[in-house]
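Asks: One letter stands for each residue in the lines below.
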Amino acid sequence: MNNPPDIAQDPAEHEEYAHGVQQHVSRYLMVGGLLLFFTLLTVALSYVDFGGFFSWLFHIHISQEGSRKLNIAVAIAVAAFKASLVALIFMHLAAEKRLIYRVLIFTGLFVLVLFWLTYLAWYDPITR
Amino acid sequence: MEIPYTISTRPDTGLWNAKIGIWLFLASEVMLFGGLFSAYVFLRLDAQPGEWPHGLLNVPIGTFNTAILIVSSVTVVLAWAALKMRRYNAYWWYMLATILCGIIFLFVKLYLEWPPKFSHYGVFIKPEAREKYEPYLGNHRREEKGLEPRIEITGHLENHEALTDSNIKEYEIALDPVNADPDNPSHDRPHFIPLPATEKVAKIDKQDVERIDSFGPWHSAYFASYFTITGLHGAHVLAGVLVFLYMWLPVSKKVYQRNPEHLANRVEVSGLFWHFVDLIWIFVFPLFYLL
Amino acid sequence: MDASTSHPPSPGFGETGETHGPHHHEAGHDHEHHELGFWRKYIFSTDHKVIGIQYGICGMIFLFMGFSLMMIMRWQLAYPGQALPLIGKWLPYIFGANSMPDGKMTPEFYNSLGAMHGTIMIFLGVVPVAFAAFGNFVVPLQIGAPDMTFPKVNAASFWAFAVGGAIMLTSFFVPGGAAKGGWTSYTPLSDIADKGPGFHTVLNGQSLWLIGFIFLITSSLLGAVNFITTIIQLRAKGLTWMRLPFFVWSQFVTAFLLLLAFPPLEAAIIMQLMDRTAATSFFLPAGMIVNGAPLHVSGGGSPLLWQHLFWFLGHPEVYVLILPAFGIVGEILANNSRKPLWGYKSLVFSVLVIGFLSFVVWAHHMWLTGMGSTVSAFFQTTTLLISIPSVIILSAFFISLWGGSIRFNVPMLFVTAFLPMFGIGGLTGIPLAFNSADLYLHDTYYVIAHFHYIVAPGTIFGLFAGVYYWFPKATGRMMSEFWGKVHFWPSLICMNVIFLPMFLQGMLGMHRRWYDGGQGWTLAGEHIWGLSGFQWNTPISWAAWIMGLAQIPFIINFFWSIKHGKKVNDNPWEATTLEWTAPSPPPHGNFVTTPVAYRGPYEYSLPGREKDFTMQNEPVDPSERSRRMAEPALAH
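Residue numbers (our numbering), protein chains in the order written: chain A, 1 to 128; chain B, 1 to 291; chain C, 1 to 636.
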């Protein structure tokens with residue numbers, strides 16, 4: 001069948017290509033550093049009482065339960081940011097072929113459907 | 001017979017076979033862990049007030065393990081980049097670092113994190129007897145502040161024989177800081193319990209006890225999901241380490257010498273798997289350790 | 001290291017054109033062509049055709065096994081409490097002393113048979129044959145590929161299936177017998193069954209069922225990854241998406257269903273296994289009393305969680321069972337009506353829509369759980385929506401027959417039977433889709449009849465059609481037409497005698513899991529044609545046993561024809577798709593010359609041609625091109 005030649009068959013072309021990869025390396029290191037930083041940040045943020053902080057800032061009352069929900073939201077937001085860094089940079093999703101996006105979009109949709117289970121939990125009078 | 005597009009890309013998709021294969025596999029993995037995480041959320045939402053424990057995991061160890069996985073993710077992508085630049089030696093070292101990170105992660109998990117859990121106990125107090133143990137539970141103050149009640153007293157079980165011997169009427173528990181000083185405001189928010197427990201020992205009458213369980217999967221829906229998800233995640237780490245070992249061993253140097261791009265592709269594919277494992281952990285860490 | 005020298009030029013697929021057959025030696029890659037030993041060639045093969053046949057034969061054996069379990073059950077239903085004649089006294093030697101003491105079935109054994117009938121038929125029978133066997137054998141041939149993209153993964157998939165099947169079978173022989181919780185294994189029942197004193201933690205029916213399942217799911221996942229990649233990457237030159245045979249489309253969507261729907265069940269199975277072995281309580285609420293004693297569990301679990309996760313797979317699984325059959329039916333229908341498949345694009349899009357919607361209908365299996373009316377309303381709507389593409393497909397099939405010069409050979413007989421049988425199954429599902437009607441019909445024989453009409457005379461007839469149709473491609477010989485008809489007619493009649501009365505039984509209110517077959521219901525229920533709901537069990541059972549006998553001609557025909565069937569050429573059905581351009585049986589690597597597709601899959605009875613079929617690899621000649629300007633010539 002029609003096998004096209006490898007990307008780096010020609011030495012000159014390969015040189016250029018390797019140079020391109022070299023540029024990526026520094027980006028990988030930077031992202032690694034960012035991920036470590038955000039790990040420490042998320043640990044630190046888990047000790048912050050967001051309810052108290054926002055109550056003080058906006059002069060509103062936020063219950064302890066509400067405060068905990070804020071913490072959950074913040075932690076998940078940080079995790080989502082870290083995960084997207086890994087997916088976009090390390091897993092090269094920032095520049096991937098259309099086919100792979102399509103597969104992932106469908107998977108994402110079905111995962112959302114699956115998480116919808118939790119929503120259903122609130123409609124279930126038997127176990128609640 | 002040769003399968004087309006194992007190394008080179010098919011023009012209309014722009015991809016080689018294994019790249020599509022691994023992404024499809026990862027899609028199924030997303031659904032697998034998605035199922036487990038949705039179960040976690042389901043059970044957590046369903047939990048009665050006070051039933052879902054907080055702060056029982058070792059945050060410093062968890063943070064360390066998170067960092068280890070992130071570092072390994074960096075090294076594996078550097079290993080791939082080294083192969084792309086045809087620097088086999090650099091590749092070899094980066095791969096070795098990745099493998100070591102994986103092994104350290106597993107060691108920390110299996111030898112430092114899990115075993116202490118099995119000697120740490122939670123004593124669930126019957127609702128009618130909770131008033132009696134108010135000095136350890138501090139529920140009056142919690143009720144005033146609108147916090148969920150405490151329903152268990154945790155700590156080190158001093159008299160193990162009490163579990164089996166029906167003649168012993170009491171459990172002796174060396175209390176965790178939370179129960180030793182329940183009214184301390186710093187315990188209002190979940191944070192991890194350093195081991196070992198405090199010097200303070202509580203005697204708990206067996207008649208007041210609903211059940212006593214160590215911090216194993218049988219302790220609560222929380223620990224059940226913790227052990228299941230981290231166990232399955234650990235299995236993935238182990239699988240990744242084995243695959244990387246194969247690519248690091250001299251066997252794979254032959255592949256490199258035949259066609260460096262082939263080994264680079266293999267590393268890319270297994271690297272994608274490894275990043276995914278890292279990505280799962282990024283969610284596991286806050287969900288179980290911090291929240 | 002210089003990259004440019006290290007890579008020998010790829011041998012290229014086109015070169016197989018000069019190598020006739022697998023025994024030809026050629027410099028450069030003779031290691032590919034030397035004679036493989038028996039074990040590598042037929043047992044641990046990586047050739048997609050061998051794996052397909054392995055799957056097919058194993059799957060058909062499992063199908064017959066699952067059917068045999070049901071034939072034993074039917075005795076108990078028709079003659080409850082009576083000793084099974086002839087084989088009854090031998091069964092305890094196979095299934096253990098507690099299965100059928102004195103030939104009389106115990107309730108536990110009845111439950112095992114029911115659960116394992118469902119499990120074996122669906123997961124060890126129909127899925128392996130419909131998806132793995134036909135998919136493996138036919139898909140690469142139809143898309144003009146030399147093999148699957150990952151031949152070793154393909155072999156691993158088969159062996160995971162074999163291990164899973166072996167574990168499932170082993171579970172019959174452990175103390176307590178096989179799983180008893182029904183094929184759905186609803187918790188908390190299945191969580192606490194076969195547990196406690198006298199049972200091994202792992203080696204008990206239910207735990208082995210779960211472990212076996214993990215292997216089966218792994219097998220399906222590996223297969224699905226392989227199928228999708230193969231269809232995307234290895235299509236022959238010119239074989240654009242809209243030129244794919246309908247069968248390939250149906251397999252493509254099926255693979256996606258397996259890929260994305262199975263993992264949540266795997267998660268649920270891991271959790272149930274944890275419940276059973278590590279004392280967790282994912283699916284156990286607190287405060288349960290078992291055999292008069294409180295159960296020591298942490299509680300906090302939700303039985304409904306299992307049902308959600310199970311049916312998240314369970315419903316797409318239904319389409320996993322039927323879509324490959326649709327594909328087979330489409331191929332054979334076009335071939336034997338000598339007409340293009342009517343509405344090819346509508347068919348393809350219907351299949352895609354079915355695949356998508358099947359993920360959002362799962363809770364219609366759970367209307368008796370008290371989910372609440374909002375959720376029920378949502379799922380009722382989606383369930384009714386999904387019937388639209390199914391109806392489009394069936395209608396397109398019927399219209400394809402219109403005005404065709406139909407050849408009634410054996411595959412076509414099964415296909416023409418499939419259409420109304422599937423229609424009955426589908427239409428009787430509509431009352432079940434409405435949750436108010438379902439409250440009455442839920443878990444009655446009506447449900448049994450409904451889904452068996454889809455799976456038994458539906459899917460399984462489709463599979464038989466496929467076996468008769470592609471047998472000449474696999475062996476170079478035809479199966480006997482006469483014995484095929486001897487197989488077909490009794491099967492068709494018996495299927496209907498078995499399942500039609502079940503609708504009536506269900507509407508009389510007979511529950512599907514009654515151990516005594518509803519004997520106690522005789523007085524309360526109404527009579528139909530002089531027979532009570534319970535008494536209808538007798539003719540149903542006899543029909544089931546006769547249908548068992550009717551499979552014997554098929555088995556004999558199948559094995560006899562491998563060696564002694566009528567020899568035929570490479571394209572005995574005068575079909576158009578690419579698999580018929582390969583030699584029969586195709587060698588390792590499949591095609592003598594790499595096929596190139598120039599046209600759509602069903603160009604039958606083209607005007608202005610001598611033959612009434614034009615194969616996909618026949619170039620479009622200029623006169624023809626002027627006639628059909630609308631169609632793009634050769635893409636790629």
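In case anyone wonders, no lab produced these hints; they're calculated from the structure.
Treat the hints with care, since some could be wrong.
Unchecked claim - Under the rule of at most 30 Å between Cα atoms (straight-line distance), these lysine-lysine pairs were calculated in the DSSO-like manner: (1) A:69 <-> B:254; (2) B:132 <-> B:203; (3) B:253 <-> C:611; (4) C:152 <-> B:206; (5) B:132 <-> B:206; (6) C:485 <-> C:41; (7) C:563 <-> C:41; (8) C:104 <-> C:41; (9) C:152 <-> C:195; (10) C:345 <-> B:117; (11) A:97 <-> C:345; (12) C:611 <-> B:254; (13) C:237 <-> A:97; (14) B:169 <-> B:145; (15) B:200 <-> B:109; (16) B:117 <-> A:69; (17) C:104 <-> C:152; (18) A:69 <-> B:169; (19) B:169 <-> B:109; (20) A:97 <-> C:152; (21) A:69 <-> B:203; (22) B:126 <-> C:563; (23) C:485 <-> B:254.
Asks: Please flag the earlier hints that this structure goes against, numbers listed from lowest up.
Replies: Violated: hints 1, 3, 4, 6, 8, 9, 10, 12, 14, 17, 18, 19, 21, 22, 23.
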